[in-house]
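Trainee: Below, each chain spelled out in residue letters.
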Amino acid sequence: MTEKSIETLPVTNENCATCPVHNAANLKKLGLNLENTDYVVALAGNPNVGKSTVFNALTGLKQHTGNWPGKTVTRAEGAYEYAEKNYKIVDLPGTYSLLATSLDEEVARNFILFGQPDVTIVVVDASRLERNLNLVLQILEITDRVVVCLNLIDEAERHGLTVDDRRLSRDLGVPVVPTSARFGIGMEDLLAAVHEVATEQIKNKPYQIESEPTEIKFAVNELVKQITSIYPDLPNPRWVALRLLDGDQEIISAVQNGEINGLVQAGVEEDKRIEFLEVTN
Amino acid sequence: MNDPVILLSIGILFLGLTAFLFWPERGVFPRYKSFRKMSERVFHEDALKHIQKLALQNKYPSIQSIAGALEVSADQAAIILSSLEVQELISVVNGKWHLTQAGETVALQVLRAHRLLERFLAEKTGFSEEEWHQRAEKLEHSLTLQEIESLARTLGNPSHDPHGDPIPSSDGKVRLREGQSLTMFPINQNGRIIHIPDEPEAVAAQIRAEVIVPGMVVRVLESSPTRVRFLIGGEEHVLAPVVATNIIVSEVKEVPVEIIQGESLALLKIGEEGEVVSLSPRCRGAERRRLLDLGILPGTVVAAEFISPGGQPTAYRIRDSLIALRNDQADWIRIKPLIMEQAS
Amino acid sequence: MSKESKISPNDILATAQNLREQVGGEFHQSLVEAIYTDATRIADRAVIRPDSKPRFDLDRTIDKIVTSRIFGFPLMILLFTIVFWLTISGANVPSQMLATLLLDNLYPWLKGVFAAMSIPWWIDGLLLDGMYMATAWVISVMLPPMMIFFPLFTLLEDFGYLPRVAFNLDNVFRKAGAHGKQSLSMMMGFGCNAAGVVATRIIDSPRERLIAIITNNFSLCNGRWPTQILIATVFIGALVPAQIAGLVSALSVVAIAVLGVLFTFAVSWALSKTVLRGEVSTFSLELPPYRPPRVWQTIYTSIIDRTIYVLWRAIVFALPAGAFIWITSNIQISGLSIAEWVMNWLNPVGLVLGLNGVILLAYIVAIPANEIVIPTILMLTVLGSGISGVGGGAGVMFELDSLSATLNIFTAGGWTLLTAVNLMLFSLIHNPCSTTIYTIYKETGSMKWTLISSFLPLIMGFVITFFVAQIWRLVELL
Numbered sequence: 001m002t003e004k005s006i007e008t009l010p011v012t013n014e015n016c017a018t019c020p021v022h023n024a025a026n027l028k029k030l031g032l033n034l035e036n037t038d039y040v041v042a043l044a045g046n047p048n049v050g051k052s053t054v055f056n057a058l059t060g061l062k063q064h065t066g067n068w069p070g071k072t073v074t075r076a077e078g079a080y081e082y083a084e085k086n087y088k089i090v091d092l093p094g095t096y097s098l099l100a101t102s103l104d105e106e107v108a109r110n111f112i113l114f115g116q117p118d119v120t121i122v123v124v125d126a127s128r129l130e131r132n133l134n135l136v137l138q139i140l141e142i143t144d145r146v147v148v149c150l151n152l153i154d155e156a157e158r159h160g161l162t163v164d165d166r167r168l169s170r171d172l173g174v175p176v177v178p179t180s181a182r183f184g185i186g187m188e189d190l191l192a193a194v195h196e197v198a199t200e201q202i203k204n205k206p207y208q209i210e211s212e213p214t215e216i217k218f219a220v221n222e223l224v225k226q227i228t229s230i231y232p233d234l235p236n237p238r239w240v241a242l243r244l245l246d247g248d249q250e251i252i253s254a255v256q257n258g259e260i261n262g263l264v265q266a267g268v269e270e271d272k273r274i275e276f277l278e279v280t281n
Numbered sequence: 001m002n003d004p005v006i007l008l009s010i011g012i013l014f015l016g017l018t019a020f021l022f023w024p025e026r027g028v029f030p031r032y033k034s035f036r037k038m039s040e041r042v043f044h045e046d047a048l049k050h051i052q053k054l055a056l057q058n059k060y061p062s063i064q065s066i067a068g069a070l071e072v073s074a075d076q077a078a079i080i081l082s083s084l085e086v087q088e089l090i091s092v093v094n095g096k097w098h099l100t101q102a103g104e105t106v107a108l109q110v111l112r113a114h115r116l117l118e119r120f121l122a123e124k125t126g127f128s129e130e131e132w133h134q135r136a137e138k139l140e141h142s143l144t145l146q147e148i149e150s151l152a153r154t155l156g157n158p159s160h161d162p163h164g165d166p167i168p169s170s171d172g173k174v175r176l177r178e179g180q181s182l183t184m185f186p187i188n189q190n191g192r193i194i195h196i197p198d199e200p201e202a203v204a205a206q207i208r209a210e211v212i213v214p215g216m217v218v219r220v221l222e223s224s225p226t227r228v229r230f231l232i233g234g235e236e237h238v239l240a241p242v243v244a245t246n247i248i249v250s251e252v253k254e255v256p257v258e259i260i261q262g263e264s265l266a267l268l269k270i271g272e273e274g275e276v277v278s279l280s281p282r283c284r285g286a287e288r289r290r291l292l293d294l295g296i297l298p299g300t301v302v303a304a305e306f307i308s309p310g311g312q313p314t315a316y317r318i319r320d321s322l323i324a325l326r327n328d329q330a331d332w333i334r335i336k337p338l339i340m341e342q343a344s
Numbered sequence: 001m002s003k004e005s006k007i008s009p010n011d012i013l014a015t016a017q018n019l020r021e022q023v024g025g026e027f028h029q030s031l032v033e034a035i036y037t038d039a040t041r042i043a044d045r046a047v048i049r050p051d052s053k054p055r056f057d058l059d060r061t062i063d064k065i066v067t068s069r070i071f072g073f074p075l076m077i078l079l080f081t082i083v084f085w086l087t088i089s090g091a092n093v094p095s096q097m098l099a100t101l102l103l104d105n106l107y108p109w110l111k112g113v114f115a116a117m118s119i120p121w122w123i124d125g126l127l128l129d130g131m132y133m134a135t136a137w138v139i140s141v142m143l144p145p146m147m148i149f150f151p152l153f154t155l156l157e158d159f160g161y162l163p164r165v166a167f168n169l170d171n172v173f174r175k176a177g178a179h180g181k182q183s184l185s186m187m188m189g190f191g192c193n194a195a196g197v198v199a200t201r202i203i204d205s206p207r208e209r210l211i212a213i214i215t216n217n218f219s220l221c222n223g224r225w226p227t228q229i230l231i232a233t234v235f236i237g238a239l240v241p242a243q244i245a246g247l248v249s250a251l252s253v254v255a256i257a258v259l260g261v262l263f264t265f266a267v268s269w270a271l272s273k274t275v276l277r278g279e280v281s282t283f284s285l286e287l288p289p290y291r292p293p294r295v296w297q298t299i300y301t302s303i304i305d306r307t308i309y310v311l312w313r314a315i316v317f318a319l320p321a322g323a324f325i326w327i328t329s330n331i332q333i334s335g336l337s338i339a340e341w342v343m344n345w346l347n348p349v350g351l352v353l354g355l356n357g358v359i360l361l362a363y364i365v366a367i368p369a370n371e372i373v374i375p376t377i378l379m380l381t382v383l384g385s386g387i388s389g390v391g392g393g394a395g396v397m398f399e400l401d402s403l404s405a406t407l408n409i410f411t412a413g414g415w416t417l418l419t420a421v422n423l424m425l426f427s428l429i430h431n432p433c434s435t436t437i438y439t440i441y442k443e444t445g446s447m448k449w450t451l452i453s454s455f456l457p458l459i460m461g462f463v464i465t466f467f468v469a470q471i472w473r474l475v476e477l478l
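Chains as they are written, first to last, in our numbering: chain A, 1 to 281; chain B, 1 to 344; chain C, 1 to 478.
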């Protein structure tokens, strides 16, 4: 395998032959100006993968980014303009998982599920891919509108690791953009990929977890049948089934009081999303 | 007034009095609070539980047995029984006390509350194992029906309590427990522990001391009238048959031999690697889920990297990350040591 | 379709419950195992690893040194000594400059402007002598050390060293029922308790986080250092020959700080064994890779995020406090100002505690910001003892350049060595400042824990000063 330098890494998606020319001029950092949002972008990821650095690079804000697992708690919103669209970006707390066992995980999970962002960027650490994919695969079960930001590739290179992002993109069924947010590398590609997913120029075919034991597979199928018969348009019946089987109280209530139906509607109104954010923060 | 001797005495007296009144659990105020909870309801429910328990063993209560179980005088026990009879919770058939349908329902509700509470204490609080039973015993009487149901929902409607006892469903059905006593279990066969007793305390304490919990895989090595010797997680345990008979085991078909032989990660030396074979059932709740999320699963390779100068924790390389684990956490992780390939 | 449409949400839940029982209790683990199996497969395909392990791993080499048995602790002590030394020595000059600017130059100039505009004396007094003075004190005492301490701390954090500190110290904290990461919120508390409380966010276990929040107040924050240093210099330094006076007073201040650390451990232990026993406790500590810190960005963000945040809060609380002090010392009721009435009323209690009414009142008005304790005490002592010719009048805080002049004021106020020692103790062990209390409420979201964090140290402070005073007097009698 010949080493390729960061700058010449290929653009991620096959569709990118048609996408607008990427240049930095397309990006306008809007800081905290959250008015007239066209799209909402959620930023998820493991703790300490440079999520806040990505956030700062996109919004021009200067949120503190300590080298500590679990730093982000406050000031989680920012905005930027790209290709004449206004994006609001929400930095979610860093979590290892979304199986909702801690408050942080619940906040992140609920935003991706009920906040219904137009795109979820999952920032992953290129040198710890295995553990980061744990979170990516969970998010892919919730939403197909995902862009994976393969961050810290400089660090991975330093350790002699090479990540085949095309292969990863094909396996996951979503765009994968190699970046090094610290040095601003790959940010334009990231913006373009987010834009394409937001404007539905790309249709993702997200990977589904397949190694679960047969009895779980069977149980999930049974439940999915019932769930889709009531909520035929639900985007993530498999995931709802998995959470029901795990006895997730929040999902059980959502099914019971029909709130899960809210997920079916094409989009939740903007102010409702903000309201939700305020509650969770 | 400003004489230091007088002030000092007043001060010490005041401190002593405060301690006497408010010392956790043993002070006057905490005692009074727990005494007040000993209401009529508590006596009634405890009596119904007692009768139900005897019924399961085909025995019947007497005034003496009630008095003994509830730690009250025989007179009080008689009053409690007659009051239960008036409420039609028990009835006399052939000169023996039986639970009526209504009495059975109440007893099952209390049992449901108790086991749900134990589960709650195990999963969602930091109280240690020996406290679960006692605390559940106190709290079970103060819950309303709605509270019991909302507790069940919060826990995701669990089916068993942490001791492996089935939790009665809200419509009063109890699952039957299969399996057999450890003393009766065939030698050199693998079994899974499905139940340990929560009382009497003396027995429960011995089993706790051996750190045995439901879910563990066990293999009996020797079973004699004087002792039962068995293997759990690579370690040998010996219990007296009176104690071991309370442990219920069910058969398991295929168990990788590593689970029986897995050793503690805490024993791994710096620079060595091991492969996780199991995460002990002793590790529960939030702690367990966190370790799973970090990718500590059967098959995961763990390498001991360096130890804190304070003695613990130890830093382990797990899936390319450095995770520090304290000794008792590392002890939950059972591993199979890997022989490192020698470089050339 | 007609059959299927009869299914209700409750049917789904019932099915789910049934299936749950079939799948069994290990569902969660099975699912995580499945996800990781897939993740491993995908990662293996995408990641190309080097054929052989690199012979030299910089991260591991640094780790071996900073966590080694021999160098681990000395290196840690050395680094933190450097941080504190840089903070203290570096802050001196800008602090002095700020004080000269705000108090010696701007204040008279503003006075002059107000006089020229013939503004009524009480507006001038309230705004300048009260609010402006208090805020100026807080800024000049607090801002410089924070601007040095926080960036230095943040640099160590960004480099990745602080998680190793938590790793090194964890065993000590484990024995006290706490989390190793508490060492960092504690250290941060030496800069500012409010920032220390915010820093407990890195602890993700509920019990250990509450312990860290409640005990953070035992870290002597930089608003309290000036009190300690002045009192130690004036009273303790005076007990020994002049040559070693500086050393002895410095050591006594360090002793107080160390006492604070001991209290942290003792109270952590007691809390974990009593009120917090039932809170969930987990331990997780990931040691991130070392990353070269970006110095300028770090300095910028740590000033914005921490210093400005804390400073802003302090100013918000200092303004009304200044107004309050000025009003109470200037409104008179039957010949005595309100401040004097309160002081006289508090005096018996204060004396029993080995303190006095002035100190107690100063600590009440200094709840917003401990920086103003010394100027307030000086002003109130002059007000109460009727000394003339010092200070700026009723309600005007001041400090003196000369130590002997300061000592004279204290002696005139009836202070003894006991008063000094107990003031140092009480300065360490009393309620947190209002900024910290507010932060605790924001962080815990609970009134109960806020009240416990506020009153526990206060009660401890009363009990400790009381017993010290009585035993002291007893020994004096003998």
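Some hints could be false.
[Stated by the list, open to error] No farther apart than 25 angstroms at their CA atoms in a straight line, the calculated lysine-lysine pairs in the DSS-like style are these:
id : chain 1 : residue 1 : chain 2 : residue 2
1  : B       : Lys173    : B       : Lys59
2  : C       : Lys175    : B       : Lys124
3  : C       : Lys448    : B       : Lys124
4  : C       : Lys64     : B       : Lys269
5  : B       : Lys124    : C       : Lys442
6  : C       : Lys273    : B       : Lys269
7  : B       : Lys253    : A       : Lys217
8  : B       : Lys253    : B       : Lys336
9  : B       : Lys138    : C       : Lys111
10 : B       : Lys33     : B       : Lys59
11 : B       : Lys53     : B       : Lys138
12 : C       : Lys273    : B       : Lys33
13 : C       : Lys273    : B       : Lys124
14 : B       : Lys33     : C       : Lys448
15 : B       : Lys138    : C       : Lys175
In case anyone wonders, no lab produced these hints; they're calculated from the structure.
Trainee: For B/Lys124 and C/Lys442, compute the direct alpha-carbon distance and say whether it is at most 25 angstroms.
Mentor: The hint holds at about 23 angstroms.
Trainee: Sort out whether B/Lys124 lies within 25 angstroms of C/Lys273, counting only the CA atoms.
Mentor: Answer holds: C/Lys273 to B/Lys124 is near 17 angstroms, not above 25 angstroms.
Trainee: Would you mind confirming whether the straight-line C-alpha gap from C/Lys273 to B/Lys269 stays at or under 25 angstroms?
Mentor: Between C/Lys273 and B/Lys269 the Cα gap is close to 33 angstroms, so the pair fails against 25 angstroms, i.e. violated.
Trainee: Given the proposed pairing of B/Lys33 with C/Lys448, does the C-alpha separation stay at or below 25 angstroms?
Mentor: Measuring from Cα to Cα gives roughly 20 angstroms; hence the hint holds.
Trainee: B/Lys138 and C/Lys175 were given as a pair; does the straight-line alpha-carbon distance stay at or below 25 angstroms?
Mentor: 30 angstroms, violated
Trainee: Mind checking the alpha carbons of B/Lys173 and B/Lys59 for me, to see if they're no more than 25 angstroms apart?
Mentor: Within the cut-off at roughly 21 angstroms; holds.
Trainee: Please verify whether B/Lys253 and B/Lys336 have alpha carbons no more than 25 angstroms apart.
Mentor: 21 angstroms, holds
Trainee: Between the alpha carbons of C/Lys448 and B/Lys124, is the straight-line distance 25 angstroms or under?
Mentor: 20 angstroms, holds
Trainee: Take the C-alpha atoms of C/Lys175 and B/Lys124, compute the straight-line distance between them, and say whether it is at most 25 angstroms.
Mentor: 23 angstroms, holds
Trainee: Compare the distance between the alpha carbons of C/Lys273 and B/Lys33 with 25 angstroms, and conclude whether the hinted pair is satisfied.
Mentor: The given pair, whose Cα atoms are some 20 angstroms apart, holds under the 25 angstroms limit.
Trainee: Hint check: B/Lys53 vs B/Lys138, CA-CA at most 25 angstroms. Holds or violated?
Mentor: 18 angstroms, holds
Trainee: Please verify whether C/Lys64 and B/Lys269 have alpha carbons no more than 25 angstroms apart.
Mentor: Distance ~15 angstroms between C/Lys64 and B/Lys269 Cα, so the pair holds.
In this structure, the hints that do not hold are numbers 6, 9, 10 and 15, in rising order.
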